[in-house]
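S.K.: What follows is each chain in one-letter form.
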Amino acid sequence: MNLPPFDLLLIFDYLGTMAFAISGTLTAAHKRLDIFGAIVIGFVTAIGGGTVRDILMGDLPVAWIQSNNYFFIILAGILITILFKKVVMKLRGTLFLFDTIGIGVFTVIGLEKALDLGINAPIAVVMGVSSAVVGGVIRDTLTNEVPLIFHKEIYATACITGAIVFLILYYMHVPEIICESITVVTIIGIRLWAVRYNITMPQISLTDKKGQ
Amino acid sequence: MNLPPFDLLLIFDYLGTMAFAISGTLTAAHKRLDIFGAIVIGFVTAIGGGTVRDILMGDLPVAWIQSNNYFFIILAGILITILFKKVVMKLRGTLFLFDTIGIGVFTVIGLEKALDLGINAPIAVVMGVSSAVVGGVIRDTLTNEVPLIFHKEIYATACITGAIVFLILYYMHVPEIICESITVVTIIGIRLWAVRYNITMPQISLTDKKGQ
Amino acid sequence: MNLPPFDLLLIFDYLGTMAFAISGTLTAAHKRLDIFGAIVIGFVTAIGGGTVRDILMGDLPVAWIQSNNYFFIILAGILITILFKKVVMKLRGTLFLFDTIGIGVFTVIGLEKALDLGINAPIAVVMGVSSAVVGGVIRDTLTNEVPLIFHKEIYATACITGAIVFLILYYMHVPEIICESITVVTIIGIRLWAVRYNITMPQISLTDKKGQ
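Heads up: the protein sequence lines correspond to chains P, H and L, in order.
The numbers in this note's numbering rise by one with no breaks, and the one at position 25 of the first sequence is 25.
The numbers in this note's numbering rise by one with no breaks, and the one at position 144 of the second sequence is 144.
The numbers in this note's numbering rise by one with no breaks, and the one at position 73 of the third sequence is 73.
Hints listed in this document are in silico derivations from the structure and should not be mistaken for laboratory results.
One should not assume that every hint holds.
As the list makes no split between identical chains, a pair holds if one copy fits it or if it spans any two.
What the hints assert, rightly or not - Lysine to aspartate or glutamate pairs mimicking DMTMM-like chemistry, simulated, CA-CA at most 25 Å apart:
(1) 113 / 59
(2) 152 / 176
(3) 31 / 145
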């Protein structure tokens, strides 16, 4: 038993889940959805990534069905946002930090789950990154937007890079807790750096540089 | 064996399924989709909720794959709508009633299935409500709209209230048939009341009441 | 063992998968998504149909998780499109052919998988057609469009017709390789004919022919 590191991962998992629930609720509010819509979007943003990952891997029922913890953490995030929206909106910096920690932790959890199930490395990377980004993709699709991460954010790239770092360390037999820590720090670092310097992924141009 | 009540639930299930198929087909027609598009939207509206519920709970293959009944009921609903669209559109009141009965019955079926699988009460409510509303959410997403129930309708709230009523009665050991009946009547009552008096859920305002 | 025909089906499966990945990547580029968005859309277009089919039938983990082949074929299709987009765009005729072969083969694979799992004929047709068309539906939904096949293309109808032809031959105990070949040729033939003569499915009009 090595409880402390696991607990730390779990605490970060919960923090990230709550940050995702809050981000979904805020998006719903911006879209002028009603309270039920906000609850659904908050919920789906928080559990979407892990849910799709578990379905694809056949690990059913999905994790949040088997425990009430996620349900109440997400509900708390949604209610806090609805009741104290002005305070929440002022805490954008903190939320951004939780959200960034969240994608790091979700990537690691997805990767480890896939590797535990004997899935090959390239697909394990897909599972890790899916855990982190699919919730946001569903949030944007349900609110009738092209998903943000397809055209604006670099954080999926941060997750992919982190996942590859994890696998390199993992196959070098570095202890799991160190793999996890370096991966999470890598993902957080790349995202903070990208946001700080406004780095985005290039588009695929279909036309000449001279043409329209 | 207690066939009559079960049969009644099943008949309402079929009526609700057909009402959902018709509603999907009408939405597709309004969106000027072609006949294939109408068939898909009709189908997905009718089976979407139960499908997502079964996938999340790992009860696969999903129910409608294992029986032809749903397939032919849905197909009948779609064809009736395509062939007799003027008659169908005049029957809006009847359809609204079937649809309302449908969401009541779907909520009860989803709840009971979740409880049978040993799922905790809060998540069982989510499963019940999902059974009732997810078909409509997929219908609206595929036709490129923000789902209606996120900003206009109160019927998800009716389902949640009904589901909570069901659980209270269920844990008081009220006979199942009475739990079911009271729940369905509660859901139908709330929805009819909300539509009659034009009650909607409040939005989450992100601005001051004075501000824009 | 009857390897050559199986191999042929597999080669066509891979060609179709790559054509789908390329079509997804081109759509993403037209929508001005970034490279990560293009990779996701390419991937989802290529694996979406088979993934949804496998989830509905409970055949998990989904096929592409268990083998790296699809992953690398799809990645190759995406990278070729990104790196050599001008060449790829000039090869539209070839791509259209691969894509058309792909939907024929995907329909046959989905049908056979469903029949192998003991699924009834009408639902098996749904599974076959889903294998062929759902990837494109997800592609269009994620890029915020009403799915093309719901209002413009006839190819789903080609798949349905092919699937019915397959079943008739199958129940007449025609050897599987002949069933497969005739089905694929039927689907390809209908699609080429429909595109050549610009045949589309009728819409469902909700108004009088005289009215607007």
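S.K.: Since the copies are identical, ignore which copy is meant and state whether residue 152 and residue 176 lie within 25 Å (CA to CA) inside a copy, between copies, both or neither.
M.R.: Cα proximity of residue 152 and residue 176: none, with 32 Å in one copy and 49 Å across.
S.K.: 25 Å Cα cut-off: does residue 31 pair with residue 145 within a copy, between copies, both or neither?
M.R.: Both ways: residue 31 and residue 145 sit 10 Å apart in one copy and 12 Å across, limit 25 Å.
S.K.: If the cutoff is 25 Å on CA atoms, where do residue 113 and residue 59 land: within, between, both or neither? Let me know, please.
M.R.: both (10 Å within a copy, 19 Å between copies)
Against the hints set out earlier in the document, a violation occurs for number 2 only.
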